[in-house]
Amino acid sequence: MSCNFTIALVFMNATLANPDDSTKFSAVRNSIPFVKQAVSELTLDEAVRLALANNPRVKALVFDISAAELGLAAAQALANPNVTLNPGFTRAGSDEELMISQPLEINGSRSARAGMASAQLRVAESEALIELREIVYETKSAYLQLARAQERNTLANDVVGNSEELDRIAQRQVELGSRPGIDRTQTSIELTRARQQATLSGAEFAAARAELNTIIGRPVGEIAVLPLLQFSPQTIDESLILQQAMGARAEIAASAATREGFLQEARLARAEGIPDIAPHFRATSLTRSPHENGFGIGITIPLLDYGSRRNRIRQAEESAKAHEQRAAAVRNRVLREVSQAVARLRAANAVLRMFQGGMLDEARKVLEATRNGFRIGGVSLLAVLEAQRTYRTVQAEYIDALASHEQARAQLERATGAVPTSVLKDLRSMESKKQ
Numbered sequence: 001m002s003c004n005f006t007i008a009l010v011f012m013n014a015t016l017a018n019p020d021d022s023t024k025f026s027a028v029r030n031s032i033p034f035v036k037q038a039v040s041e042l043t044l045d046e047a048v049r050l051a052l053a054n055n056p057r058v059k060a061l062v063f064d065i066s067a068a069e070l071g072l073a074a075a076q077a078l079a080n081p082n083v084t085l086n087p088g089f090t091r092a093g094s095d096e097e098l099m100i101s102q103p104l105e106i107n108g109s110r111s112a113r114a115g116m117a118s119a120q121l122r123v124a125e126s127e128a129l130i131e132l133r134e135i136v137y138e139t140k141s142a143y144l145q146l147a148r149a150q151e152r153n154t155l156a157n158d159v160v161g162n163s164e165e166l167d168r169i170a171q172r173q174v175e176l177g178s179r180p181g182i183d184r185t186q187t188s189i190e191l192t193r194a195r196q197q198a199t200l201s202g203a204e205f206a207a208a209r210a211e212l213n214t215i216i217g218r219p220v221g222e223i224a225v226l227p228l229l230q231f232s233p234q235t236i237d238e239s240l241i242l243q244q245a246m247g248a249r250a251e252i253a254a255s256a257a258t259r260e261g262f263l264q265e266a267r268l269a270r271a272e273g274i275p276d277i278a279p280h281f282r283a284t285s286l287t288r289s290p291h292e293n294g295f296g297i298g299i300t301i302p303l304l305d306y307g308s309r310r311n312r313i314r315q316a317e318e319s320a321k322a323h324e325q326r327a328a329a330v331r332n333r334v335l336r337e338v339s340q341a342v343a344r345l346r347a348a349n350a351v352l353r354m355f356q357g358g359m360l361d362e363a364r365k366v367l368e369a370t371r372n373g374f375r376i377g378g379v380s381l382l383a384v385l386e387a388q389r390t391y392r393t394v395q396a397e398y399i400d401a402l403a404s405h406e407q408a409r410a411q412l413e414r415a416t417g418a419v420p421t422s423v424l425k426d427l428r429s430m431e432s433k434k435q
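Residue numbers (this note's numbering): 1 to 435.
Since the hints were derived computationally from the structure, they do not count as laboratory data. A few of these clues could be false.
What follows is a set of in silico ranges between Cβ atoms, one per label pair, in the way DEER data are often shown [claimed, not checked]:
id, residue 1, residue 2, range
1, Ser-178, Asp-400, 36 to 42 Å
2, Glu-238, Phe-63, 35 to 41 Å
3, Thr-199, Glu-397, 20 to 26 Å
4, Ile-274, Phe-295, 19 to 25 Å
5, Met-246, Glu-386, 49 to 55 Å
6, Phe-63, Gln-230, 36 to 42 Å
In silico SDA-like pairs for lysine to any residue, Cα to Cα no more than 25 Å straight-line [to be verified]:
id, residue 1, residue 2
7, Lys-365, Gln-197
8, Lys-321, Arg-267
9, Lys-365, Val-351
10, Lys-365, Arg-110
The structure presented is a predicted model; accordingly, all values stated were derived computationally and were not measured. All C-beta atoms, glycine included, are put in the ideal place defined by N, C-alpha and C.
Can you make the complete structure from the sequences, with help from the hints?
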């Protein structure tokens, strides 16, 4: 392969830069009711490993490469000898009863044929890396979607708890006559809405879990606990990333290999117009006269070409030129995808820094202060409801920002083609051991 991967992003998990930041949302994000049912935690690396081990698309890639390698071995082999039997049933029935001829292919046809097969092998390897990259990206996207749904579900359940407490306080105050009955009606409506949101978020969590389990080869309903999403700011060197992407994207290598295959096809057509030598053994009779045998050398001389070989050469050369232009288009697409991924990641970094500037703490403090004031009758119900909605919105946006940040990282990994070639070798080794 011509792809040398130097970027190592695929199997990296983000870690929290400041451990104190984890306390900002721990009261909500650690209170996951369904966690108690699970046995172990499913990390992102483990999800990717399971997907690569269990996905039938990966196994198909292994067979594709094995087939291409067998094709190369067949192309490198010398052409099979030609054996002709012409038994004569009467004295003049046949001038020669046995003819064995071995083409030597000194005209370059064998090396051209091997060159075509070698190019096809490189194409198969490049396409396998492309498919692996897509599988890794799909797995990470499904994993992040589940992590987001898990935390949104936790937040929804937390809001239900807050709404229930607010409804109980309103009920007591209405019974004591310190608040009008309409306030209790309002808190009941808010509680019903919170429960509706919790039901919907639970359904989204179940759907995301089913999608990830399908990708990694687990039963659809199997419960998995995912670590909390964390934020780790990172320095982005766009010029270095672009350089790495140009050397790592398998599409560029596949386009170059396809172009080389067409050039080798043109070379093979030219070789067919060059004379070749074929030593042969000849026997005029196998039974009547065993002495009439001998060795000779045959020379094939392709004198005439009615346009078939000439047009095949031109066709292959034109196809090679077309793929040269496609390679330029692929490079432009790689540059565009990397630039877009870098822009998204930078924006996600900036948004999360804003959240960590105190917005999360302020939203929780406002909620707690208004609830405490509501208990003693010093704050109106509308102020409490507004604080609760603000809290829910800020926390939900923070979860979305964390998921968007990790999704942007996954998109950047995909854009840079960060799938080590060693992964493909390991998968082939595992598959060969199974067989």
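Pair hint Lys-321 and Arg-267, alpha-carbon separation not exceeding 25 Å
15 Å, holds
Assess, step by step, whether the Cα of Lys-365 is no farther than 25 Å from the Cα of Val-351, and give holds or violated.
21 Å, holds
Compare the distance between the alpha carbons of Lys-365 and Gln-197 with 25 Å, and conclude whether the hinted pair is satisfied.
Since the Cα atoms of Lys-365 and Gln-197 sit roughly 23 Å apart, the hinted pair holds (cutoff 25 Å).
Determine whether the Cβ-Cβ distance between Ile-274 and Phe-295 falls within the hinted range of 19 to 25 Å.
Hint holds: Cβ distance 24 Å, inside 19 to 25 Å.
Starting from the hint 20 to 26 Å, judge whether the C-beta atoms of Thr-199 and Glu-397 obey it.
Cβ of Thr-199 to Cβ of Glu-397: about 21 Å, so the range 20 to 26 Å holds.
Could one say that the CB atoms of Met-246 and Glu-386 fall in the range 49 to 55 Å?
52 Å, holds
Just tell me: holds or violated, for the beta carbon distance of Phe-63 and Gln-230 against 36 to 42 Å?
39 Å, holds
Straight-line Cα separation of Lys-365 and Arg-110 no greater than 25 Å?
78 Å, violated
Is the distance from the Cβ of Ser-178 to the Cβ of Asp-400 consistent with 36 to 42 Å?
Given a distance of about 39 Å, which is inside 36 to 42 Å, the answer is holds.
Supplied distance hint 35 to 41 Å, evaluated on CB atoms of Glu-238 and Phe-63:
38 Å, holds
Consistency note: the structure conflicts with earlier hint 10 alone.
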